[in-house]
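Asker: Protein sequences, first through last, are from chains A and B.
Going by this note's numbering, the first sequence opens with residue 1, and the numbers climb by one from there.
Going by this note's numbering, the second sequence opens with residue 529, and the numbers climb by one from there.
Since the hints were derived computationally from the structure, they do not count as laboratory data.
As the structure is a computational prediction, the values presented were derived from the model and not from experiment.
Among the hints, erroneous ones may be present.
A few chain B residues that face chain A, going by a derived Cβ cut-off under 10 angstroms, partial list only [as the list claims (entries may be wrong)]:
1. Gly563
2. Ala578
3. Val586
4. Glu657
5. Glu673
6. Ile705
Listed next, the stretches of chain A that the computed footprint assigns to chain B, with coverage defined by at least 3 CB atoms under 8 angstroms from CB atoms of chain B [to be verified]:
7. 247–261
8. 390–401
9. 465–477
Heads up, the beta-carbon is just placed ideally off N, CA and C, and yes, glycines get one too.
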Amino acid sequence: MAVRTLVLWCRDWPVVAASAAAELPPHVPAAVVASGEVVACSATARAAGVRAGTRTRSAQACCPELAVFDDDPERDARLFEPVAAAVEELAPGIEVVRPGLVAVPARGPVGYFGGAAAAAEELVDHVAARAGVEAQVGVADGLFTATLAAHRGLVVEPGGSAAWLAPLDVRELDQPAERRAGVRGRTELVDLLRRLGLRSLGDFAAVPERDVATRFGAAAVVAHRLAGGLEQRPPVRREVPADLVVTREFDPPVERVDAAAFASRGAAERLHAVLAERGLACTRLGVHARTANGEELHRVWRCAEPLTPRGIADRVRWQLDGWLGGATPTAGIDRVRLVPEEVVGSDALQLPLWTGAGQDSREAAERAARALVHVQGLLGPRGVVTPVLGGGRGPAERVRLVPWGDERAPAADPGQPWPGQLPAPSPATVPPAPEPAAVLDATGADVGVTGRHDLTAVPVALVVGARRRDVLAWAGPWPVDERWWDPEHAHRAARVQVLAAGGPGELEQIAYLLVRRGGRWAVEGVYD
Amino acid sequence: MDLLPWGGLRRGSTVSVRGSTSLLLALLASATAEGCWAAVVGMPQIGVLAAAELGVAVHRLALVPRPGTDPATVERTVAALLDGVDLVVVGSPVAPNTARRLTARARQRRAVLLSSASWPGSDVELRLERGTWSGVGEGAGVLRERRVSVHASGRGAAARVRGADLLLPAPGGSVRIAHHAPAAVEAV
């Protein structure tokens, strides 16, 4: 069930921001351009025939008094901060989706103001009074529906998302403003759907999800969920581990935006690396800052797609720009903390239907996934496994093999203490079943382990299979009392590292990890 | 590692690694850390923990421990992996003809084929020549590091025989170039 969401949207935000920065009166037609094309224009410019996507030259031809500004995401973000702050005064827990669009869980304000329409009215008035900006509010289930509702200034009844979306044009899936915010566009998908005769969101939503997945790929599945009024991501979210916060201290405190942005870039990359290490990616990023006077500033950015290092750095820069450029902080910032508020498994990342620049690794993941699924087709689903490291004592029990495609959960908590765990290096060869061996003393008798964890004699020879090798050195034993509380499964074991002399055609030294269980030795690993 | 004639693993090449699983794993480390994917076929005994310590990004590592005994299935498995995975390690024995076909496929798909045994038609063959451990004594200490000599030989650009001294593993389980002459090996 999609969360009831209230969205506040400022129409043509890049133009509004640019005009405000240039102190241009609102009735003068204005447009923001990037690489020779209009990306946003004001209502007056639109009335004169300017549209997003028009070449700058032809826009100026049909509207000669058009004021043209360069695209500047930082300016958009900086000027949006007062708007976000105004919304926050009435509705806590805001998430900036992008400059120009704020989302809030609707329950609070709707309950407080006694109805969705009343809350919308209050917010619009408050934003106009505090930030001097015109805004529209929409309330619906889920961010996508609420955003479309905000474009129309509407409240969609709870549970009515799918019915309300159904008659809308399928082109609503491809929002130009989202594309600018770095989200992969759905232009090609929408184009394809229209050519297939699926012209409304309802038509698209009526296609079974399985068919969408098999014919159009994972990116289209997301679009399909949106068209049906569902949340963008299925509600399987990961708990965010507490230690994923990245903190950066500044000494002396930074006051200039460019300095703060530069310094935060490293933190952004570190956060991404920390997440990637755990196979996670961030979809909601909390940016916290502390000023030299001890003020705490905090803002959450929500993203439709898992953030890239660049995406994280951009949002941090925009936010710092907003704080330092406005009147909010009274001193420089001396600490920035990046908190991943919501993460998704990065292997659950939508494997893209089409790939663009900078998506090499995602493309590699997709190619690999296809090949591995192909092999699963040849050998069965358990034929391809991926290893997950977890807790445990022996080299084999610390690794769990998960069939490709299953959830990668460790078998035992790696964070717990595991007495008897051997330090690195670990053996590079770990036989799937320990191989029987014998450790002999000078008289040829079996060497055992005493109850006090000592060897009963000095080991002289190691016999594995039919090969007898001289023992050069040994270390241990390391005792392992596993499940001592459970008499049925309890077993005592001890591990020993043995360095043996290699024979002809072998290296001169071969290191073994041996384990003694139930009075028998076995090779648990070879350090080859 | 500056061990291979071109400084690292080259896409499209076939490398055979004899006598050391840790050397094989060390070759996967930097590539997987940079975002490449790796698959290991026919080596159920691979030490994943050691791989992680050597720097392999194990979440981009797939294992096909038992590709079966039918040579045709093994070939199809390896061929399918070469189509999509950047580095494919083969531990199952293959016939010389199959080996040549797979080497050609790796070249065509710009993947790297690694073998844990000698491989007809490989571009480079790496071999561990010497290996001495330090850290253990008469019932004391723990295996700490191993100083090894790796010899590389091959054809074409790799025809010149080269060698390198490495710490494989270095303390902590990683791999490093051994710079100075080996110190007296302790307690052996």
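Asker: Against each hint, give a clear statement of whether it holds in the structure.
Answerer: Here is how each hint holds up against the structure:
For glycine 563 of chain B, the interface hint holds, since its Cβ comes within 10 angstroms of a Cβ in chain A; the closest pair sits about 4 angstroms apart. A distance limit of 10 angstroms between C-beta atoms decides the matter here; for alanine 578 of chain B the minimum to chain A is near 4 angstroms, and the interface restraint holds. Among the interface hints, the one on valine 586 of chain B holds; its C-beta lies about 5 angstroms from the nearest C-beta in chain A, closer than the 10 angstroms criterion. The criterion of a C-beta within 10 angstroms of any C-beta in chain A is met by glutamate 657 of chain B, whose closest approach is roughly 8 angstroms, and the hint holds.
For glutamate 673 of chain B, the shortest C-beta to C-beta distance to chain A is roughly 8 angstroms, which falls under 10 angstroms, so the interface hint holds. Annotation: interface hint on isoleucine 705 of chain B violated; nearest CB of chain A at approximately 17 angstroms, more than 10 angstroms. As drawn, the segment 247–261 of chain A meets chain B at 0 residues by the rule of a beta-carbon pair under 8 angstroms; below three, the given contact is violated. Note: the segment 390–401 of chain A has 4 residues with beta-carbon separation from chain B under 8 angstroms; the three-residue rule is met and the coverage holds.
Only residues whose beta carbon comes within less than 8 angstroms of a beta carbon in chain B count, and the segment 465–477 of chain A has 5; three or more means the coverage holds.
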